[in-house]
Amino acid sequence: MTILEPVARIINVGLPLIVEGVPAADVIQLDWRPPAFGEADVARLALILDDDVTAEANARAITAVHSVRPQLTRVRPAKEVIPGIADGRTLLHAGPPIEWERMCGPMRGALIGATLFEGWAETPDQAEALLDRGEITVDPCHHHGAVGPMAGVLAPSMPVFVATDPSDGRLAFASLNEGLGKVLRFGAFDDEVITRLSWMRDVLGPILDRALEAFGPIDITSLIGQALSMGDEGHNRNVAATSLLTRRLAPTIAAMEPSSDAIAVLEFLAGNDHFALNVSMASAKLSMDAAVGMENSTLVTAMARNGVEFGLRVAGSGAEWFTTTVGPADGLFFPGYGPDDANPDLGDSAITETLGLGGFAMAASPAITQFVGGNPDDAIAATKSMRRITLGPHPAFPLPPINFAGTPSGIDVLKVLDTGVLPLINTGIAHKLAGVGQIGAGIVTAPPEVFLQAARSLANRRGIS
Amino acid sequence: MNSPKTTVLSSRVLHHFYRDSVALMAIASATEKREGVIRVGAVMATPANRGILADSDMLPPDLNAESDDLVFVVRAESEDTATEALDAAEAGLTAVETSGAIEDQRPGTVDEGIHAALAGDRESPANLAAISIAGTYAPIVAERAIRNGLHILCFSDNVAVEDEVRLKKLAVAGGVLFMGPDCGTAIIDGIPLGFANVVKQGKVGMVAASGTGAQEVSRLLDLAGVGVSQLIGVGGRDLSADVGGIMTGFALDLLERDEGSEAIVVVSKPPSTDVATALISRLEGIASHGKPVVACFLGMDDADPDSVTPGVVVRGTLEGGAIATARLAGHELAVTDLDPIEPVPGRVLGLFTGGTLASEAKIILKRAGVDCEILDLGDDQYTAGRPHPMIDPEARADKIIEAGADSSVGIILLDVVLGHGASRDPATPVAEAVMVARSEAESVGRRLEFVASVCGTAADPQGIERQRTILRDAGVILAATNASAVRFVAAQQAGTHAS
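Chains as they are written, first to last, in our numbering: chain A, 1 to 465; chain B, 1001 to 1499.
Quick caveat, the hints were computed from the structure, so don't treat them as lab data. Some hints here could point you the wrong way.
To be verified - Within a straight-line C-alpha distance of at most 20 Å, the following computed SDA-like cross-link-like pairs (lysine to any residue) qualify:
1) B:K1200 / A:I3
2) B:K1203 / B:G1227
3) B:K1200 / A:E20
Isolated chain A, as found in the complex (with noise of 0.2 Å):
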């Protein structure tokens, strides 16, 4: 009699010399670390959720995911367009839900400019009056379908960015992208940045919607698609989808009157390496949404931060944020500013890694490899680390690098729980004080607790204790 059957093949977890006396080659020795960050009953809870159950509730979610094909579509101002802002005082902001009392510095900028652009207020002073009384509702940017980079404010009169998912007429939103320097996304409120934001919604705005018109819709997919093979990671590095979109657009966006309008929003375009971050945000967010309250399911929907806390949701959860305190992301600064003037981390833009894209895509970008490390084999490195975490390859992002394999797309609670092994985020570090802007860069990983916290609640919705 053999037991181990056709020849022995033994998994060691733990000391080695319990497998001293086993020929090497047969010996799959593991890198193992404590389950759940070392929480066992958490690491339980997952033992039990990773069933038959969720395994088929997350094969559903991951299909719907990636049979998204989001298409920009519309440019329109966010009252006609986003639900529940139409009417009254409505501002969006990024990340998990937080009151006008404890938000950050930057985010607290970017909502008095949004006030101050509204006209709901003459001045700052009134803005913020406005803002503490209470008299202007603050709500997430995700519960209304929305994204948006660093503070993240969407106000009723901006345009945005509508991807549309053309199987089932879903939407999803996000911000134009205003460029660096000051701007509202860092805080920035002074006269050039409402001046901009007037400029965006009364001649970019609308000239990028008649582009769009005339153009037809473009495919968002197949855009980050080539980006990606052209080095962009679909979040901190833009330049290669910006220039694409602007290409596409270009000739008739060019022909247009006045030509001098014209001239100006070309200008921008070709000012503005970011541009196209924005529009790969509002495409991360219709995949996504494509789960959301998907039973059962351990695939997480959206990670955001508000800049005093980091938000999860995941899809058997549906709108429930879990959500902890966040610190500053380690990066590189520009030069006169170090950690001490960093904001903690910020922005929906995480919707981007959430899908596969961003941290989850680094090997696709050796121009930004410093974030992970120095040379182009630690970033496909990262890549391939965010493989054990994710539950399949995205199908319409190949990454040269790595063959040509799907990046890594569709974190699964579950896995980042067994590995401890958590989400690599690209980001911007925003000052702390409002309006001085972006003063870095750098790598953040999602926070475990987040995580901790979806298991307990998907355990206790399935009735597991």
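Given chain A's structure and the hints, the job is docking chain B onto it.
Quick look at chain B alone, frame taken from chain A:
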């Protein structure tokens, strides 16, 4: 960001030279760590970047650079430091890339291990998981492995008994072994796992609830020319009332069906009463179907089939179990006891590394009515954060030296365990400590004798003859078996009392 008046600001422009901002930030960050350097900027000189430099008081007033020029700016404590920093920054642009092969990450979880087994060169599925992590996590890892159809060797201890029962039931339902928890020894298909001697493959199937007990029986069978088909560990608690012998029963089912196992020996402490009844009748059943069975239950009275237990040979020592099993397999294990030496005054101290060997010693000495102190140095109370003395023999060496200074001690009884998992050279620390202890004793005119057995085989990696020579050269009296060593000591003690 205010700079002291005494600092200098130096810059260098590389015209028409592009580097991505991330690369430049990395260079700036590295350069800024230099002694005497306060702040470094490394940017493409776009209007926006010039603005950033100006904001932090880092814009040289005479900067002559355009958007496609790369500029380094250094604020430092002296001109020389600034220049050196600029040189270093520029060198950073052309530094030879350190690039290594991309190492594939080692699998970290059971699922990844299973995947790796299929993906590797061997492309053969994993079929056993050896688990030696903290007891808190061992059940979680084990359950994952059992679900995937893997057999388990669980060396981890501190596993709750409810987990043990649950996992063993799960394993039986899945048709796999759960060896453990706290299972140190197994030989599956001839492959030694944990602490196991290199024994011949053969026709005796073993089920063992103890580690060194299994080692002693298997190595004595080997000495008798009898090989082992399978040595299935079940963990020390399997035959307790709580666990009810779940895995012993499953292992017996396997071995009963196995044509390669012509005799079976079960090695354990005496089972709890409830379990014993069922187990003995199970063993009788096997014996009645023609497969002879030895129940080696430490401390039980010897019994043979024609008297108390129909069909089952019961032995109360490891040596007795090995002799009886060898005989059923058609071989004689002749153990020649040592000739007695002049009685040694003083008490008997046992310093054991093998728990079951210590138990066997206690049982034999108790039966002989000899007062003794037998320590199992592998017990938690002695290990306390140190490796097990079979792995790290130094802990016992200290105890031996201590005993050298204890005038009440006359004979020290030792075990030296060889095989996989054990120290590469357990004899040397013992021999060295023996010499120190003896010379300490002799310096006060005291006789101190050392008696040991070596639990090993000719094929063990340590080299049994070399180990025996090291011990013998240190004056250690060597017996063939642990039981024989103990009998020798008992005889000396009887002699002392007689005199």
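| said: I'd like to know which numbered hints this structure contradicts. Please list them from smallest to largest. | reply: none
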